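Asks: Top line first, the protein sequences correspond to chains A and B. Counting in this note's numbering, the first sequence tops out at residue 382, every number present. Counting in this note's numbering, the second sequence tops out at residue 599, every number present.
The set of hints was computed from the structure by calculation and includes no laboratory data. Please note that the accuracy of each hint is not assured.
Unchecked claim - Below, computed lysine to any residue pairings styled on SDA-like, alpha-carbon distance capped at 25 Å:
#1 B/Lys401 / B/Leu358
#2 A/Lys225 / B/Lys143
#3 B/Lys401 / A/Leu62
#4 B/Lys141 / B/Arg106
#5 A/Lys225 / B/Arg472
#6 A/Lys249 / B/Asn436
#7 B/Lys514 / B/Arg453
#8 A/Lys225 / B/Ser456
#9 B/Lys204 / B/Ala193
#10 B/Lys143 / B/His101
#11 A/Lys223 / B/Leu488
#12 B/Lys535 / B/His513
#13 B/Lys132 / A/Phe348
The structure displayed is predicted, hence computed values, not measured ones.
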Amino acid sequence: MTTTLILGKRLSFKHIVPFLSGGLAFLVGGIILYAAGVDPLEAYAIIIKGSLGSTRAIADTLVKTISLLIAGLAVAVAFKCKLWNIGAEGQLYMGALGGLLVGIAVVGMIPVVSVILVLIAGIAFGAMFSLVPAVLKVKLGVSEIIVTVLLNFVALLFISYLLHGPIKAPGFLPYSPDIFPESELPILIERTRLHAGLIVAALAAIFVHFLWKSKIGFELKSVGMNISAARYAGMSITKSILITMAISGGLAGLTGAVLLAGVQHRLIEGISPGYGFIAVIIALLGRENALGVCLVAFFFAVLLAGSEAMYRTLGIPVAFAQTLQALVLVFVLIGEVFTRIHLPKRIKRSDEDKTENHGKQIGPPAERGKVE
Amino acid sequence: MSDAGPFFPANSTDDHSAYTPTSPSVPKPSESLSVGTQGDQPVLSMNGITCRFKDVIANKDVHFDLFRGEIHGLLGENGAGKTTLMSVLYGLYKPEAGEIFVKGKRVDIKSPLDAIALGIAMVHQHFLLTPNHTVTENIIVGVKPRERTIFLRTADAEKRILELSKRYGLKIDPKAIVGNLSVGEQQRVEIIKALYRDIDILILDEPTSMLTPVEEKALFSTLSAMVKAGLSIIFITHKLQEVIEASTRVTVLRGGKVVGTVMTAQTTETELARLMIGRTLTGSTGHQQGEIHVGIEKSPNAKASAGHATVLEIKNVFALNNSAVQALKDLSLTVSKGEILGIAGVDGNGQSEMAEIVSGLRKVQSGQVVIDGRDITGMSPKQIREWGLAYIPEDRLNTGLILEYSIAENLILDRWYSRPYSGKIFLNKHEMKRFAEEIVTNFDVRTPSLDIQVRYLSGGNLQKIVLGRELSREHKLIIAHNPTRGLDVGAAEYVHKQLFKQRDSGVGVLLLSLDLDEILLVSDRIAVIYAGRIMGVFDRTTADVDKIGPLMGGYVAEATN
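Let the sequences and hints guide you as you build the complete structure.
Replies: Below, the structure is given as structure tokens:
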């Protein structure tokens, strides 16, 4: 059992790393706060109180969780298949645009149907926008990283153009008209901002969780892990890459539509304060699986909501939340190095002989015990 | 499960370490041994080397002496710890215990740089050359020029390379681009690279694995020229014949331990084989001659195949390789039901492309591929597999398996979409597990658990997983591409037995192998491929190295049949 135990240990160590990194990030964050003349303990207490201290605080934190969670899932799906979609922010904006177009056009439906149409439009717009890098990758071998990063600017500037012109509502500010009330996501708890997007986010998490247990998920994952093995086994590479990016972009678009239908009820330039970018960190920290992303998204929402409270009480800029996020990421990356540090020798396969050694096939086969 | 059990086989089979070969000449490792003309002091001596990877012991208390002017064969199965031992010597691994003496002085080798400074160089199995640089540039890289200059002055280096090349019979053009050289030539570059650094000890890791018989001969004569000039050579191999042919002394490793050191002249293949394997073989070893083969049932190929239906027909196929160079030129070939057709050839002559056009992984430019009466040209890999192809790919680590996946996941890689392994939407975990258990039992895969990532399994077990998957599907044709490469003798034997079984049940087998011995041993008919063409097809009974060898090198004149 020694081997399994050791493997087990490595596995759990891997799972502890994000928490350890979080702790260290708070430690270093505390030093920064101290240097700024603030008692770190007090500051952190305010973060907790401001994000979890009352029903309203919790509701606000959950509202933030919704966006971070869906966006995090979007990126996580792509990352799991080794597609580096850094364009969630742009896809999110396009999704919001799609939602808006339906939300201001569809009248007189049952609210549920109307909302669902808005969300579907968001998914469709996000997915279509993410197919641009996917097709370029499949057809021309262009790196999806560069294309997705750059398309963020395209999307944001395009939305900005629309808001200053074609879809601008009457008035001075670059806002779109409001969507019809029946297209809004209903509020779940009265006198809070918590909306039914929470259910959508939960469904998204369940979807991603079960995606990896499904036939199609297995194919997508296999193609991501090892193209040559997947091709050899008869999987379609092109189809898989397109589907993966469409799911990823669709979820990012859904984030935008949920923000639109649940929070703003109209399209504005800053509808997402960079959720699509934070999502990258969330996906990485959440180890690309649904449960992990849920936990990290909530944790980041606490940070965001708490740092707003900290700003109100102590005058520490909200940017401190970003500093903490960045610190967590840095420490996780360092932690990653530590989890991998004893692997290189195993991975190094400059020749077969070594592989064999590591593979415990030492001694004549006849005398090796059989396992279960 | 017990603690040691299956994981520490080396510990549980200690009894062999006490094994002393029958030959009276075998010295104990600690005794000094005078070799030929040299003095008593070994150039190199490794004492009590123990090297461990996590829970696996790769070397245990190994003693190894090397004398000036000897070619010392280091013999052992894959996984016996040969390469590990030499990697310790070359500074790639740090041993847990033990000391190394070079010319009587205790040394601490922390990196290859230290090793080279001590006059030790290693030529790896896979060469470490920059393909788009010239021979000279590859050789001088890392060597400090004598004077300080900004620009490379290669003239002196070239002169010295030519000198070395002449002295040891290593024919090479210093100005040639390495990427254009054959494998044999690249190996010469590697050897000259070592000689250029004024070394005393040269380690060669499986140097013949990619060479033609002719190149092999040339290598051996070079080696003897080198030892005459005072160098010492360590020659890692698992091929008995080579040891007998080339070495002066042999150390045999098994399960990470030295099981004997003998003078080559005073031993036989049989004895070495027994030392190496620790038991008498019951099947094929991949070596044609030698009494160690108690003989596999080479069931008469007449039985199934005589004049029987064709299962694979390749007609006038042209295809490009990945660099858009013509790889297959008008290649035609047939495989019948119930026969093993072996493709002999030097690496890179179109073998990979041939396997790929049959499996649908590569498009043909023109020509036709027919499997069991159906034209499969242009069909997708999935369609071809469903029509009845089992394919054991060349590279099991990167193509045959997904190393991050469990055994069960790897086993459904080709059938994830079909019942009973999955339903309408989801994979059937239960059925996957049952199937994995079945294959693990039937194919004797040794693994601590079914859920473990396969990357932690040995090469032999990985190949068994691939075999289990491929042979468990409905198939009419098997492509086996280097199916025993890197496997130890026992595992190779197992693979061959499976192929025989398939052949006997009426399946056609297309065996592509770089190991000519394997081809000769296993095939019913042998085709030789060179530069994308089939140079000739022989019946096993009429084929031998003398006929095939020249064809593999492209010499047609005398041998067209």
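Asks: Look at each hint and say if it fits the structure.
Replies: Going through the hints against the structure:
| no. | hint | verdict |
| --- | --- | --- |
| 1 | B/Lys401 / B/Leu358 | holds, 8 Å |
| 2 | A/Lys225 / B/Lys143 | violated, 62 Å |
| 3 | B/Lys401 / A/Leu62 | violated, 61 Å |
| 4 | B/Lys141 / B/Arg106 | holds, 10 Å |
| 5 | A/Lys225 / B/Arg472 | holds, 18 Å |
| 6 | A/Lys249 / B/Asn436 | holds, 21 Å |
| 7 | B/Lys514 / B/Arg453 | holds, 17 Å |
| 8 | A/Lys225 / B/Ser456 | holds, 9 Å |
| 9 | B/Lys204 / B/Ala193 | holds, 17 Å |
| 10 | B/Lys143 / B/His101 | holds, 16 Å |
| 11 | A/Lys223 / B/Leu488 | holds, 17 Å |
| 12 | B/Lys535 / B/His513 | holds, 17 Å |
| 13 | B/Lys132 / A/Phe348 | holds, 20 Å |
Hints 2, 3, counting from the list given before, are not met by this structure.
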